[in-house]
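Here is how the chains run, residue by residue.
Number of protein chains: 2
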Amino acid sequence: MRAPGCFDERLSLLDAYAWLDACPSATGSEQILLAQSFGRLLAAPVTFPADRPDRDIALTDGYAAQAESTLGASSYNPLFLTIVPDGAALASGYAAVCRVGARLPPGADAVLPLEVAEAKGPVLEVCGAVARGSGVGRKGQGAQRGETAITTGRRLDAPQIALAASLGLTELTVRRRPDVAVVLAGPKPPAIEALSLAISALVERDGGVAHCAPPPIEMARSLAGVAPSSLIALVGRSGQGQDDDAVGAIAAAGGRIDYHGLALTPGGSAGLGWLGATPLLLLPGDPLSALASYELLAGRLVRRLAGRSWEFPGSIRKFTLSRKIASQVGVAEWVPVVCNGSSAEPLALAPADGLAGYARADGFLVVAAHLEGYAPGSLVDVIVTSEGAGSREME
Amino acid sequence: MRAPGCFDERLSLLDAYAWLDACPSATGSEQILLAQSFGRLLAAPVTFPADRPDRDIALTDGYAAQAESTLGASSYNPLFLTIVPDGAALASGYAAVCRVGARLPPGADAVLPLEVAEAKGPVLEVCGAVARGSGVGRKGQGAQRGETAITTGRRLDAPQIALAASLGLTELTVRRRPDVAVVLAGPKPPAIEALSLAISALVERDGGVAHCAPPPIEMARSLAGVAPSSLIALVGRSGQGQDDDAVGAIAAAGGRIDYHGLALTPGGSAGLGWLGATPLLLLPGDPLSALASYELLAGRLVRRLAGRSWEFPGSIRKFTLSRKIASQVGVAEWVPVVCNGSSAEPLALAPADGLAGYARADGFLVVAAHLEGYAPGSLVDVIVTSEGAGSREME
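If you read the protein sequences in the order shown, they are chains A and Y. Numbered per the numbering used here, the first sequence spans residues 1 to 395. Numbered per the numbering used here, the second sequence spans residues 1 to 395.
Take these hints with a grain of salt, some might be off.
Claimed, not checked - DEER-style ranges, computed between Cβ atoms:
id: 1; chain 1: Y; residue 1: A18; chain 2: A; residue 2: P24; range: 50 to 56 Å
id: 2; chain 1: A; residue 1: P45; chain 2: Y; residue 2: K318; range: 28 to 34 Å
id: 3; chain 1: A; residue 1: G330; chain 2: Y; residue 2: P122; range: 20 to 26 Å
id: 4; chain 1: A; residue 1: P189; chain 2: Y; residue 2: N340; range: 34 to 40 Å
id: 5; chain 1: A; residue 1: D258; chain 2: Y; residue 2: A89; range: 21 to 27 Å
id: 6; chain 1: Y; residue 1: N340; chain 2: A; residue 2: P45; range: 40 to 46 Å
id: 7; chain 1: Y; residue 1: T170; chain 2: A; residue 2: A44; range: 55 to 61 Å
Everything labelled a hint here was simulated from the structure, so no lab data went into it. Given the structure is predicted, the values throughout are model-derived calculations rather than measurements. Note that the Cβ used here is the ideal one computed from N, Cα and C, for glycine as well.
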């Protein structure tokens, strides 16, 4: 039995990123209700089913007329048109009330806005001339039938949903969300329940769907029984202690581990491998280490599988470090911080119980492997995960 | 009848912000399942129900012993301890296997890590001395009973959910989400369906719960029948045309409008008022104008009611403007843009059909009222709403 953490050769964080980024990321597409499509990625283009507008329309409220009827009109020299009922064809000298968006009556070629035309009983007083086509939206002027309305890959936010609905669509084809099988092998209750909830929430945040398997009696059988997934996260028993049998269980289930042991703390016992064609991430079972290695390793792949940027979903902001961080050269270190104004304080985590401290963090930073830490006062990039960092108290 | 848009005195956007920010924002609290609490705001502090750890524990895998038994041990001068079964009290000269997190056996005051101690049958070979307390987590060292574990106002992300679960909690008290009554008065189908979906999605994004009333037959009666809400958004019939009767309907329902007409485009016919003690926002019914004024006005209040920052949820980034923007002095202008690399292009929106163009936008900017626009090449702040702006095409 080797001492925990004594992996012979550890994979660097950057090499782990390269491994993750080389995983296949196709997840297919599915048809869903437009009402449930917010935030999803369009997987097949939406096209305009008809010219937009589909006929000549009025662009303002006003009066449809022939432009030549208004030639020479001004407030000093008002001209008068005869108002005819809606729908009638217009000849020169006539006008008809029209509303913005309404079809232009036959014969009309302009819309007089209310600023230049005032109805006086059956007669329209016109105090300004308009050009032909003025106030008129031509058929197909906005978009032509068959033109792309929403491109493939577009994230569906309110404008795209409104446009699709206005085209009469009730369903859209979107990229399928990646299924992430989470097999919790390691920690005992209530830590296992804690990780199940927290990792599910993180997978959802990153655009995936988490399927948490119940704690396995026999790990290899649990792994072999995992439903088809885009990614398997096996949490726990990743170290080198007596009952740390995760790597053996992966082999027994027909999988393989490409790398075990990362030059990363916490998360040094993480591993990267495969179960068939499905990438399998081995994460440590200690709650803090599991969450940290989810953030640094698994989340990156979940986001890419979901068609998102691999970048961390929090914002990256500069803070001044209030205390020194000492870090081992050759190992990338994940450090949660509390932010206060423009300063960030590295959290002192209780040994073997980092979770209580991490719950106070506003974000984290990563000390690159080639650095031996940061001096106090250093300007560092913090990935801010907590909205309103530094201004927490509410009422 | 006055011409549309000819409001006598328009409220500036900044004054509208001040009105919105002065609205009461208490929404109360509710008890919810921990599993559904991701992203919510804690409304009552979570405290540690017991000391953490609740007893002296081992901080590493290794062997519990009395530190004095190891005095003088080194690799040149190994000492030998007798291994006793788990649970037995330890006297000097004895040791017991222990795992990280396990209770320290009575009598032990240190844990020898595996690096300095190796079992050889019933005997433990110790090749290093340890100090008293080394490798031991003292009862209450992490946190003491009754101490705050998660502060009120904290947004519940994975670490907080994991911590709450590890404390055995299954429910949390969180800030209630604001109910937003959306009364769609204005646009005809399918525009009304489009706005119903899109505004609901935006309210959800901003932390609220949207309740869309069916299109009202008689607007005043619909308004009077609105369920108790934190905010009412009345969409449509806000202008000054013949059937723009929203302001009258508000009065008929017993409400009042403080301001009608904003120095804002689009969204110039928006209004701010009250129905009883509930703030009521009047938004234009044209889909583009409705979405723009939701973003600029309603969203700000929804986010504050939800206990979030009033700031727009997208990130703010600098872009170089590729084309000039001309804007009327005295009116704030909302301009959707397409981003490409480091450059932002203002979208040319089809008159009376801005939605199709807006669906292509990656974000928007606001030209302040005192500016007459921006020259090409200007560095502008864009509120980016579309992830991956400028690198859209996926496969």
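Each hint tested on the structure:
1. A18(Y) with P24(A): 50 to 56 Å: Between A18(Y) and P24(A), where Cβ atoms are some 53 Å apart, the hint holds.
2. P45(A) with K318(Y): 28 to 34 Å: 31 Å, holds
3. G330(A) with P122(Y): 20 to 26 Å: Because 38 Å falls outside the window, the suggested range is violated.
4. P189(A) with N340(Y): 34 to 40 Å: 52 Å, violated
5. D258(A) with A89(Y): 21 to 27 Å: Roughly 47 Å apart at Cβ, these two residues miss the hinted range, so it is violated.
6. N340(Y) with P45(A): 40 to 46 Å: For N340(Y) and P45(A) the Cβ distance comes to about 19 Å; the hint is violated.
7. T170(Y) with A44(A): 55 to 61 Å: 42 Å, violated
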